[in-house]
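First to last, the sequence lines map onto chains F and A.
For what it's worth, our numbering labels the leading residue of the first sequence as 1, then goes sequentially.
For what it's worth, our numbering labels the leading residue of the second sequence as 1, then goes sequentially.
The set of hints was computed from the structure by calculation and includes no laboratory data.
Just to be clear, a hint being listed does not mean it is correct.
[Unchecked claim] Cβ-to-Cβ under 10 angstroms is the rule here; a few derived chain F residues that face chain A:
(1) 9
(2) 70
(3) 89
(4) 93
(5) 97
(6) 101
(7) 151
[Claimed, not checked] Beta-carbon label-pair distances, calculated as ranges:
(8) F:52 - A:102: 31 to 39 angstroms
(9) F:134 - A:67: 30 to 38 angstroms
(10) F:155 - A:170: 43 to 51 angstroms
(11) A:180 - F:32: 47 to 55 angstroms
(12) F:91 - A:67: 52 to 60 angstroms
(13) F:107 - A:34: 28 to 36 angstroms
(14) A:274 - F:155: 51 to 59 angstroms
(15) F:156 - A:229: 43 to 51 angstroms
(16) A:301 - F:157: 18 to 26 angstroms
(17) F:29 - A:274: 56 to 64 angstroms
[What the hints assert, rightly or not] Here are the simulated SDA-like pairs of lysine to any residue, each with C-alpha atoms no more than 20 angstroms apart in a straight line:
(18) F:130 - F:72
(19) F:164 - F:118
(20) A:139 - A:305
(21) A:152 - A:123
(22) F:92 - A:279
(23) A:139 - F:72
(24) F:159 - A:20
(25) A:247 - A:258
(26) A:125 - A:99
(27) F:9 - A:20
(28) A:139 - F:70
(29) F:49 - A:49
Note that this is a predicted model, so its numbers are computed, not measured.
For every residue, glycine included, the Cβ atom is placed at its ideal position computed from N, Cα and C.
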Amino acid sequence: MKQKKAQMKIQQMAFMLLAVTLFFVFVGLFIFMIAYSGLKDSASTLEEKNALLLVTKLANSPEFSCGGSFGNEKTNCIDADKVMALKTNSNKYSNFWGVDSIEIRKIYPVAYGVRVECTLTNYPQCDIIKILDNGISSEFSNFVSLCRKENIEGKVHDKCEIAKITVSYGGDNE
Amino acid sequence: MKQKRGLQISFAWLFAIIVGAIILFLAIYTSIQIIETEETALDAQTAKEISILLNPLETGFETGTSNSVIVPTETRIYNRCSNEGFFGRQIIKVSQQNFGEWTETDIDIGFENKYIFSGNFEEGKKFFLFSKPFEFPFKVADLIYLTSSEKKYCFIEPPESISDEISNLNQENLILENCLINSIRVCFNSGNNCDVEVSYNGKYLDKNNERMYFYSDSLMYAAVFSDKEVYECQLERIMQKAEQLSKLYVDKSNLIAGEGCSTNLIQDLNEISSLEGSFSDSVDLDGYMINLAENIESKNKVINCRLW
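Excised from the complex, chain F in its bound form:
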């Protein structure tokens, strides 16, 4: 009788210890899940912050900016000729800005009813210049002036149009 009671006690304790172990394991898993989801959130928040700050500065970076090509130095002015040259070398710049896509879309005036993507053969009779194109999930944009040199009746003029530069990130993660 006493032996049975003792065996019961050991079993009770074994179950208790097992339950305590399981409890700690579950608590640990719960903490890990919360920490991991927080980490993922903060990573995407940082990505978003990067894209937001990048879009405001991109038009003034040496690869995009008009500089003194169209008279005095202008802010938020993109040199379309330079960007077309950049487009042809876009493979070199795939990781340069840390975003997935960069696109410049002419807003006004629109050349044709349909939006046409720019290539070296149809430039400047086109509306959209895609510099990087690795999928879009979230995006930020900024209004800019898009300037280029244009020959009208043998004379070279500066032509500036209104455009929107869009930066997107997280396309690969979706």
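Assemble the complex: chain F is given as a structure, and chain A must be docked to it using the hints.
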């Protein structure tokens, strides 16, 4: 009977002690692992946040303005650089003090489009940042200078332009008069006890018995605030970017030629591009290269269709 009872109790205790010890060990081990993961994550997050906060400094609007970053705990910001690929990489690593010990992290946060000049690492709770554009001859990049508030730089007899710039920056660790005892003495006309000796006209400076060559004020500041290893690596990265930009301007020049805008810069741009491509040390920043850049700049200023 008595003996049996004694055995029963001791077995129960033994069982409880062994399993209890295993549970305690697992709990402590898991806690340590979680803490270490959290520390690494925090270091990586801080490094990424610092890098992202640098974005506004690169617009050119923030030139001449000093900004500060304050962190809650004693922090070391390690500045690493690599020259691999077309643009190389700016790498930032952060280590924070936790219970008197520095956290160790293997996670490097890297960016291709940033150029930070500092010592191998900067330590403190408050860090100062300011930026200046580097033009060679076109704008290549905004150089960012990172210093800890614990490091005081005392500029002795600087040229007027530098003196004005520093006083306008109003950055508390950059001093023009009354040098503090522990400050780093930056001399422009070879004084006593100089930590950094700048030959402004010779375009070089000596620091820790090592010579660094510069062109323009932006690179001079870079050399003053950096260790030689960081300076040379970042300068090579800047030249890598300048090479790509020179090629970009050659392509642009060909493109606008179709619109009747011919420039006579293609040959010169190709030459400077190849010099920038073979750049490996600040010694390469010689008179020939500088003259070529200045010549290109003066040609660009007078043509009808300016490239930049």
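Hint-by-hint comparison with the structure:
no., hint, result
1, 9, "holds (7 angstroms)"
2, 70, "holds (8 angstroms)"
3, 89, "holds (7 angstroms)"
4, 93, "holds (8 angstroms)"
5, 97, "holds (6 angstroms)"
6, 101, "violated (16 angstroms)"
7, 151, "holds (4 angstroms)"
8, F:52 - A:102: 31 to 39 angstroms, "holds (32 angstroms)"
9, F:134 - A:67: 30 to 38 angstroms, "holds (32 angstroms)"
10, F:155 - A:170: 43 to 51 angstroms, "holds (49 angstroms)"
11, A:180 - F:32: 47 to 55 angstroms, "holds (48 angstroms)"
12, F:91 - A:67: 52 to 60 angstroms, "violated (34 angstroms)"
13, F:107 - A:34: 28 to 36 angstroms, "violated (51 angstroms)"
14, A:274 - F:155: 51 to 59 angstroms, "violated (35 angstroms)"
15, F:156 - A:229: 43 to 51 angstroms, "holds (48 angstroms)"
16, A:301 - F:157: 18 to 26 angstroms, "holds (20 angstroms)"
17, F:29 - A:274: 56 to 64 angstroms, "holds (59 angstroms)"
18, F:130 - F:72, "violated (27 angstroms)"
19, F:164 - F:118, "holds (15 angstroms)"
20, A:139 - A:305, "holds (17 angstroms)"
21, A:152 - A:123, "holds (12 angstroms)"
22, F:92 - A:279, "holds (19 angstroms)"
23, A:139 - F:72, "holds (15 angstroms)"
24, F:159 - A:20, "violated (79 angstroms)"
25, A:247 - A:258, "holds (18 angstroms)"
26, A:125 - A:99, "holds (16 angstroms)"
27, F:9 - A:20, "holds (16 angstroms)"
28, A:139 - F:70, "holds (16 angstroms)"
29, F:49 - A:49, "holds (9 angstroms)"
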